[in-house]
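Asker: Chain by chain, the residues run as shown.
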Amino acid sequence: MLIEIHNLTKVYDADRGLQPINLTIETGELVAVIGHNGAGKSTFLKMLASWHLPDSGEVIIDGIDLKNRVAVARKIGFVPEVPNLFEFFSVEYNLKIFARLFQVPFLRIEEILQEFDLGNFRKNRVQILSKGLRQRVSIGRALLADPPILLFDEPTSGLDFDMTKEIYRMIKTFHAAGKTIIFTSHRPEEIKTLATRVIMLHQGNLVFDGPPREYFQSEVYEKLCLL
Amino acid sequence: MMKNIMTLTFNDLAIAFKNKTIFLIIFIPLFVFFSLKLVDSAPTDIKKIRVGLIQDAIYAPVILQTIVSSDGIFTVSRVSSEEEGKSWVKEKRLDGLLLPAENRENGLILVVLEKGSLQALSIIESFSALQNLVEGKNLNWIADIQSLQQGGIQKQTLPTWILMLVLLVGFIIMPAQVAEEKEKKLLIALLQTPMREVEWLIAKVLSGMVLILTAVIILQVMCQFEIGNIPSYIAFILVGSFCFSSYGIFLGFLCRNQASARTLGVLFYLPHLIPSALSDFSQKLTSIATFLPSYQLYEPIKNILLNDGHISNLSLEWISLLCVGLLTFLFSYLLMKRRWLM
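Protein chains in written order, with this note's numbering: chain W, 1 to 227; chain C, 1001 to 1342.
The shape of chain W in the complex, shown without the other chains (with noise of 0.2 angstroms):
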């Protein structure tokens, strides 16, 4: 699944935001966009999942514009920071709600509660499950439809040790079936573990684009990294 970025920008004051990105992302790539605090990662991850419209610039998803969300919406699946669920309504509730949505089979909530480990806790409200339960309901809604896009923003943050491996195993085990990932990251090992390629937004503007071999003795990587 071929992603072109087009100019893509997004300013939300003098210092903050996107400016013009131009990039290509191939099918089955595993990409990790790095950067500072501040640095553009999410906005960036946001506007590929319209979370966020760009101020100008298209991003053409399998020769398909982006501008028409309900054509790509299939194709693209969005695991936030902090997962956004109906914490009022159980785990079982919330898939099926979002199965409806992307009309797909019951059957598929029952794969999906297998894959992630979650039968035990179907009838549970989200609210009173830990952090690392809820991220995988989370991941688990994104992959409803069977996307072959998957965007993670940061997904490990604030999660235990082996929840992190978890979390590593899965995304390992989605990019050998063939998805194109994107992911956000602050963490040097998470980009030596997973990323085929890297990303590198400072203030706004891609500062490196290539493989982690060439990131880690790159001088951007010095400059800016390191202490």
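Misleading hints may appear alongside valid ones.
Stated by the list, open to error - Capping the alpha-carbon separation at 30 angstroms, the derived lysine-lysine pairs in BS3-like fashion look like this:
no.	chain 1	residue 1	chain 2	residue 2
1	W	Lys75	C	Lys1185
2	C	Lys1185	W	Lys131
3	C	Lys1048	W	Lys123
4	W	Lys131	C	Lys1048
5	C	Lys1185	W	Lys172
6	C	Lys1337	W	Lys96
7	W	Lys96	C	Lys1284
8	C	Lys1337	W	Lys46
9	W	Lys75	C	Lys1184
10	C	Lys1048	C	Lys1284
11	W	Lys67	C	Lys1284
These are calculated hints, taken from the structure and not from any lab test.
Since the structure of chain W is provided, determine the placement of chain C on it from the hints.
Answerer: Okay, now just chain C, sitting in the frame of chain W:
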């Protein structure tokens, strides 16, 4: 300890300021003050009481002469028939209609919209004063008072309760619900699906309408008041629930969080409720209320419940409610498309 309490108190006040709750504290007393001013000043503003006399009816000469000569108190209009006079009263073109009493020579029947209204009281008081001047203490000229509105005082307050329910859902519940979905990023999560914006909006309007209809049905079943024209009543409850659900959703879109939505809701709730509900007591309030969609619901509901009104005579009000609903629906759609404050 005191330092901590002070710090936390200032923090709470800062939050109240930030989420605009403070505006309620300023707005409510101001609004009540101006409303009361309008209500209180109303009787002095009614320079003349508008009474109607039937063209060919025979009135006692002393009464007729008194009414006509007391030019500063009454404005007299001649109507061709009793029916026309009653319709003028219903349309509020007259404060009261005077009919000659058949069983008394110097007697009148006063026809008013409501027996206990300010208009009725001021007519009776004025007649009593004039009669005292002309005849001294004698048998009262007004022999009987007829009310055009049916039902007791409970039924007469029903339109106000209905308006309160509709506005409560429209301005308090709906904005908070929409703002909550925005604040918790639930709306944006729903927009990750192939659902269209308009589908979400229609669903939201329908949920608001269901809430309003449920409340009105419960009220109606419990009170068991007779409704004159049921289709007209249903038509107005439906269009009113559509209008105010849509209005409330629009207000929700103007807010980033629930606290702001609650504040904004109250800021809209009171100015829509009070002028309409108190319009019977003040001409000034009536003239303000006419511009409010709440009045366009209140007046027809009152007309249908109390005066056997029919939608055919109230089509303008029905259309105006529909237009407000459609307009706010359109604004909400545009804001949603722009991901306003999401």
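Asker: Hint by hint, note whether the structure agrees.
Answerer: Results of checking the hints against the structure:
Between the alpha carbons of Lys75(W) and Lys1185(C) the distance comes to roughly 20 angstroms, so the proposed pair stays at or under 30 angstroms and holds. Pair hint Lys1185(C) plus Lys131(W) holds up; C-alpha atoms about 17 angstroms apart against a cutoff of 30 angstroms. Distance hint between Lys1048(C) and Lys123(W) is unfulfilled; the C-alpha atoms sit about 70 angstroms from each other, more than 30 angstroms. Between Lys131(W) and Lys1048(C) the CA atoms are separated by roughly 72 angstroms; this puts the pair beyond 30 angstroms, and the hint is violated.
Using a Cα cut-off of 30 angstroms, the hinted pair Lys1185(C) and Lys172(W) holds, with the two alpha carbons roughly 27 angstroms apart. Only pairs whose Cα atoms come within 30 angstroms are accepted, and Lys1337(C) paired with Lys96(W) is accepted, the gap being roughly 25 angstroms. Restraint check: the Cα-Cα separation between Lys96(W) and Lys1284(C) comes to about 54 angstroms, which exceeds 30 angstroms; the hinted pair is violated. For the suggested pair Lys1337(C) and Lys46(W), the alpha carbons sit about 15 angstroms apart, so the restraint of at most 30 angstroms is met.
A threshold of 30 angstroms between alpha carbons decides the hint, and for Lys75(W) with Lys1184(C) the separation of about 24 angstroms falls inside it, so the pair holds. Annotation: proposed proximity of Lys1048(C) to Lys1284(C) holds, straight-line Cα distance about 14 angstroms (limit 30 angstroms). Distance restraint check for Lys67(W) and Lys1284(C): the Cα-Cα separation of roughly 51 angstroms exceeds the 30 angstroms cut-off, and the hinted pair is therefore not satisfied.
Comparing the model with each numbered hint stated earlier shows that hints 3, 4, 7 and 11 do not hold.
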